[in-house]
Amino acid sequence: MSYTIWFSDFRPEHTGLLGGKCASLGTMTVAGMPVPPGFAVTTDAYRFVHANPEVADAIHSLLGSFDPADLGKLAAVSLELRQLVEAVPVPAEVEDSVRAGYAALGEMCADPRPAVAVRSSATSEDLPDASFAGEHETYLWVQGAEAVLSMVRRCWSSLFTERAIAYRAEMRYPHDAVQMCVAVQKMVRPKAAGVAFTLNPSDGDRSQVAIDSSWGFGEAVVAGEVTPDNFLVDKVLYEITRRQVSSKEYEYRLGGTGVERVAITDGRRDQPSLTDEEIRAVVRLARRAEKHYGCPQDVEWAIDLDLPDDSNVLLLQSRPETVWSRRPARVAATHGDYLSSIVATLTSPLHAHGKTG
Amino acid sequence: MSERRFPSPFDIPVPDGAEGWTDLYSYSSVFSEDRREQEDQAFWFQDGVHWPMAMTPWDATFYEYAIASLSQYNTRHYIIPPAMGIDYRILYGYAYLSPVGVADPAEIGSRVPEFMERAGHYFANWNDLYANWLEKIRALIHDMELVQVEPLPDREPLEVVTEGRGTGSGLALMESYHRILDLGLKLWQYHFEFLNLGYAAYLDFFGFCKQAWPNIPDLAIAKMVAGVDVDLFRPDDELKKLARLAVGLGLDQHFTSAGRPDVVDEALQGSDEGRQWLAAWAESAEPWFNFSSGSGFYHSDHIWIEHREIPYGFIGNYTQMLREGTDLARPLDEIRAERDRIVLEYAELLPSDDDRSTFEQKLGLARTVFPYVENHNFYVEHWSHSVLWRKMRALGGVLVKEGFLAEEDDIFFLKRNEVPDALWDMYSSWAVGAPSRGPAYWPPEIERRKQIVSALEKWSPPPALGAPPEVVTEPFTIMLWGITSESVAGWLGGADDESGDLKGMAASPGVVEGLARVIFSPAEIGEVQDGEILVAPLTAPSWAPIFRKIRATVTDVGGMMSHAAIVCREYGLPAVTGTAFGTKRIKTGQRLRVDGSNGTVTVLDD
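Heads up: the sequence lines are chains P and Y, in that order. Residue numbering for the first sequence is 1 to 357, as defined by my numbering. Residue numbering for the second sequence is 1001 to 1606, as defined by my numbering.
Hints may contain errors.
When the alpha-carbon atoms are kept at most 27 Å apart in a straight line, the in silico DSS-like pairs for lysine-lysine are as follows [as the list claims (entries may be wrong)]:
#: 1; chain 1: Y; residue 1: 1584; chain 2: Y; residue 2: 1458
#: 2; chain 1: Y; residue 1: 1210; chain 2: P; residue 2: 291
#: 3; chain 1: Y; residue 1: 1136; chain 2: Y; residue 2: 1391
#: 4; chain 1: P; residue 1: 291; chain 2: Y; residue 2: 1136
#: 5; chain 1: Y; residue 1: 1210; chain 2: Y; residue 2: 1223
#: 6; chain 1: Y; residue 1: 1223; chain 2: Y; residue 2: 1241
Simulated restraints, written as ranges between beta carbons of each label pair [to be verified]:
#: 7; chain 1: P; residue 1: 244; chain 2: Y; residue 2: 1584; range: 27 to 33 Å
#: 8; chain 1: P; residue 1: 257; chain 2: Y; residue 2: 1511; range: 36 to 42 Å
#: 9; chain 1: Y; residue 1: 1471; chain 2: P; residue 2: 257; range: 54 to 60 Å
#: 10; chain 1: Y; residue 1: 1353; chain 2: P; residue 2: 325; range: 17 to 23 Å
#: 11; chain 1: Y; residue 1: 1101; chain 2: P; residue 2: 295; range: 41 to 47 Å
If you are wondering where the hints come from, they were derived from the structure by calculation, not from laboratory data. Ideal Cβ placement from N, Cα and C applies to all residues, glycine included.
Based on the sequences and whatever the hints tell you, model everything.
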């Protein structure tokens, strides 16, 4: 049994044990991309929850004929199931394996209590195409082995948050077909963070990388709580062809009790959250992910405050872009013999474009 | 947009002191009540790319020759389907152009087969025809050099009589002037033999790229097509070669001390090394220093070979840089490798192999036509014009000798069709042996015209006149002059743009800040200090040596393919071209941010 697998030890046959997010972190780490170090607590560990008869019975009895529209009942059911999952006993080997992993991370970071992010990575053999993006929990800035273990359990139980239950009901997925793997990853301390698409989401132009960026942790961008700065960059020349700097009202940053949302009141609010050099570094990172996967990507990135300037852009996640990539792509006109094409060029108002530099 | 209009040429008051200015230009080139209805309906933009300053009467010659020749190829040679020629006028000494379209779609369609046959012949045989062009243009320049301009002799040489020639020097001189005009017009016909088609092929590739990658920067397309080793950079390369030789021979102190060129030459004549250097100079100078420090369209533009203080000054800068260990060489291999990388990476982004093969085919044609686009400028505006200006000055010298003019350059204050009258007057009095009227007639008239031109020079021409177009589609207008629907809209917004930013073409990428240096003519180049941002009506390629001093360039006029944009990209400097108001709004010493990637210029303090 492999209760934990380091991202750096990832092999494709591990995918079933890891779920989409952890497999992706493993793939990127092995490909040499700058992913914060960490390990996955595999579905072999979650098996003890899944196979627990008390849990199985509760799922059946509480969710068997459940009406997700009944919001009052949903909250109570969710609470009951989560408490049950978090209390399931697991063998000492599982806990020891997580403690050992955490200790090894501590050695890597020269910090006995390194801050980590604990993230859900759901998977289902029965539902290979299911996307669970955003349905389950992530815990930031977790410190100490016992806290990590506790958050791993909370990730497991996040299969039964109200929104996860409602989502499965909506998608008509069975409630017991999903397994949970958990990523334990060194926490980034981001100066700024956000997402990047390796195409222009407004017109599908594959020569561009589109970046949304804001101060602090990327959660503000991902959750849409701020209007991020937006940059469009040409992939080949690395020219920034559009920059829209927004007023960023909030940021998530480390406070006394962990990560908290605070209003930005200083001058940074209206300042660009990335320098031109950082923008280009994010583009290089996104390009690497795209080239590695061979298709347009949607990546999450962060700029770490602790790392040196030349290696502080970190890749947190990379997923295939799904909107434009599914459309048949071909350069529509201007094929055929060159003279007809020149005539078409001269007579069409195509070139009546503005400046685009 | 259609509700707002640019000023009517008929409503703009005559600049102070310029009363009578229409006497200076052809009756057919000025706005007039006779054609008012048509002229007021049209859209006119000021061509500051080629004619940034007020023209003197004779200088309007090449303006008229150039635009008529351009037009002739569209209308009568290649039958460009959607475009007739470009109409042209002079308003208060400045050049205004108006593209004439073919409005009827059926007519556009009917022009297509002819265009395909005619243009197709050129595209299919481009390399042979271009090789032939290079021979034709050299032969033409040779013919220009052969034009004889001599003062009229007191008596015809004896052999005129003994050989029974039967004609005299007066006729020969008048023939020479006509020859200058004919060769000049021929030059401009040659110029447009290829240019319109070259731009059409380039635009086709451009259009493909814009379709494949809607947001691709224009300069990425330019970089894929641009030649690495083009004649336009050759004069600058020759300067560097001479600077290296000067350092190698230990002669560089002659150039760094910036003495007068004849004093420098005298000192160089005194040593073997000096004579060796002068021999190398002579070899570079013909033809490469037949290079104008302006657009080449003004008699007052300084030509390197005649104003050696300019190239000697540049050589001085280069020798100093060499002494400081700067490598002056352009890294050709790196530039080539970068060009290959750009092409390969964009090609990889195409969705299919079909698209890739179309891309390669179009790129191939664009690269076939591009050497002409890049190189013709040296042969025409620089080399040929230099020769023609010299011949005209010689003719001016003859008229000075007979008291018609106070100085050689006064000849450029005569209209081209007044010169035969003056020559006739001079010839006739020489033939008759009685006084000519010219010495009494021309000097005061030229004095009057100089006053007028000086008043016109102080006038700021608006960027456009008349009715703005709904949309700018004429391909050459966009390509050569950088005029787009957006720039027209920007001009209509005029000087009251809210952000206060100047907008223009993103002609060369990068963002820098620095102090502005506004200069209006090549004569002011010397004022530019290290690290400043050059702001000028336009920048000519012959200014290349100062591009090593400056941080960025802002011009009033010009598009992505203006010569200035090409040189700025070559030197890796941010450039914003076609801002229309740059030299008017920016003052020397102001702090600027130039964003060559987005085409904006911000004045950071006032």
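The hints, checked one at a time:
About 12 Å separates the Cα atoms of residue 1584/Y and residue 1458/Y, which keeps this hinted pair within 27 Å; it holds. Between residue 1210/Y and residue 291/P the CA atoms are separated by roughly 23 Å; this keeps the pair inside 27 Å, and the hint holds. For the given pair, residue 1136/Y sits about 20 Å from residue 1391/Y by alpha-carbon distance, which is consistent with the 27 Å threshold. Restraint check for residue 291/P and residue 1136/Y: not satisfied, since their Cα atoms lie roughly 51 Å apart, outside the 27 Å limit.
The hinted pair formed by residue 1210/Y and residue 1223/Y meets the criterion: a straight-line CA distance of about 14 Å does not exceed 27 Å. Among the hinted pairs, residue 1223/Y with residue 1241/Y is consistent with the structure: their alpha-carbon atoms are about 26 Å apart, no more than 27 Å. Range check, residue 244/P to residue 1584/Y: Cβ separation about 29 Å, and the 27 to 33 Å hint holds. At roughly 41 Å, the beta carbons of residue 257/P and residue 1511/Y sit within the given window of 36 to 42 Å.
Between residue 1471/Y and residue 257/P, the C-beta spacing of about 59 Å keeps the proposed range 54 to 60 Å intact. Roughly 18 Å separates the CB atoms of residue 1353/Y and residue 325/P, a value that falls within the hinted 17 to 23 Å. Taken as a hint, the range 41 to 47 Å holds for the pair residue 1101/Y and residue 295/P, whose Cβ atoms sit roughly 44 Å apart.
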